[in-house]
Amino acid sequence: MKKLTKKENELMEFFWAEGAMFVKDLLEKFDEPKPHFNTLSTMVRTLEANGYLAHKAYGNTYQYYPIVSKGEYGKSSISSMVASFFNGSYMDAVSALVQEEKISIDELEALIEQVKKGN
28 MKKLTKKENE LMEFFWAEGA MFVKDLLEKF DEPKPHFNTL STMVRTLEAN
78 GYLAHKAYGN TYQYYPIVSK GEYGKSSISS MVASFFNGSY MDAVSALVQE
128 EKISIDELEA LIEQVKKGN
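Per the numbering used here, the very first residue in the sequence shown carries number 28; after that it's consecutive.
Be aware that one or more of the hints could be misleading.
[Unchecked claim] Heads up, simulated DSSO-like pairs for lysine-lysine below, C-alpha to C-alpha not over 27 Å straight-line:
#	residue 1	residue 2
1	LYS56	LYS83
2	LYS61	LYS33
3	LYS129	LYS83
4	LYS102	LYS61
5	LYS102	LYS129
[As the list claims (entries may be wrong)] Pair by pair, the computed Cβ-Cβ distance ranges are:
#	residue 1	residue 2	range
6	LYS51	LEU135	21 to 31 Å
7	ALA110	TYR85	33 to 43 Å
8	PHE49	GLY101	39 to 49 Å
9	THR73	LEU138	15 to 25 Å
10	GLY115	GLU136	42 to 52 Å
11	PRO62	PHE113	19 to 29 Å
12	TYR92	LYS61	18 to 28 Å
13	ALA137	GLY78	32 to 42 Å
14	LYS144	TYR85	22 to 32 Å
Calculated from the structure, these hints are not laboratory results.
Glycine included, every Cβ here is placed at the ideal spot set by N, Cα and C.
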């Protein structure tokens with residue numbers, strides 16, 4: 028799954044929160060200065076081409092909706108990060124989190140218990 032740019036992620040956050048929308052609905056979500064309608068439309072079509080969105084046609088206008096959930100994207104992003112920065116080793120990734128004190132020993136022990144229970 029292709030990594031989202033910052034702007035693409037911003038658009039997907041709107042879709043994940045709101046569900047199906049027309050580009051004009053998406054445009055209303057932005058504060059001033061709002062992006063140009065055509066720019067937004069191009070970005071939405073790119074997200075569709077990359078497999079994040081699909082559309083339903085209503086005459087000559089399209090309503091777009093997410094086909095990748097936020098959770099699916101998050102899991103894919105973690106897998107990509109582990110592959111890129113930890114040579115595919117989840118053990119090294121978790122070790123780095125512990126060393127940087129981003130996860131406590133208690134949290135790690137709770138995670139181990141979850142794994143043992145199959146959750």
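Hint by hint, here is what the structure shows:
{"no.": "1", "hint": "LYS56 with LYS83", "result": "20 Å, holds"}
{"no.": "2", "hint": "LYS61 with LYS33", "result": "16 Å, holds"}
{"no.": "3", "hint": "LYS129 with LYS83", "result": "42 Å, violated"}
{"no.": "4", "hint": "LYS102 with LYS61", "result": "31 Å, violated"}
{"no.": "5", "hint": "LYS102 with LYS129", "result": "18 Å, holds"}
{"no.": "6", "hint": "LYS51 with LEU135: 21 to 31 Å", "result": "47 Å, violated"}
{"no.": "7", "hint": "ALA110 with TYR85: 33 to 43 Å", "result": "40 Å, holds"}
{"no.": "8", "hint": "PHE49 with GLY101: 39 to 49 Å", "result": "26 Å, violated"}
{"no.": "9", "hint": "THR73 with LEU138: 15 to 25 Å", "result": "37 Å, violated"}
{"no.": "10", "hint": "GLY115 with GLU136: 42 to 52 Å", "result": "25 Å, violated"}
{"no.": "11", "hint": "PRO62 with PHE113: 19 to 29 Å", "result": "36 Å, violated"}
{"no.": "12", "hint": "TYR92 with LYS61: 18 to 28 Å", "result": "22 Å, holds"}
{"no.": "13", "hint": "ALA137 with GLY78: 32 to 42 Å", "result": "34 Å, holds"}
{"no.": "14", "hint": "LYS144 with TYR85: 22 to 32 Å", "result": "47 Å, violated"}
In this structure, the earlier hints numbered 3, 4, 6, 8, 9, 10, 11, 14 are contradicted, and the remaining ones agree with it.
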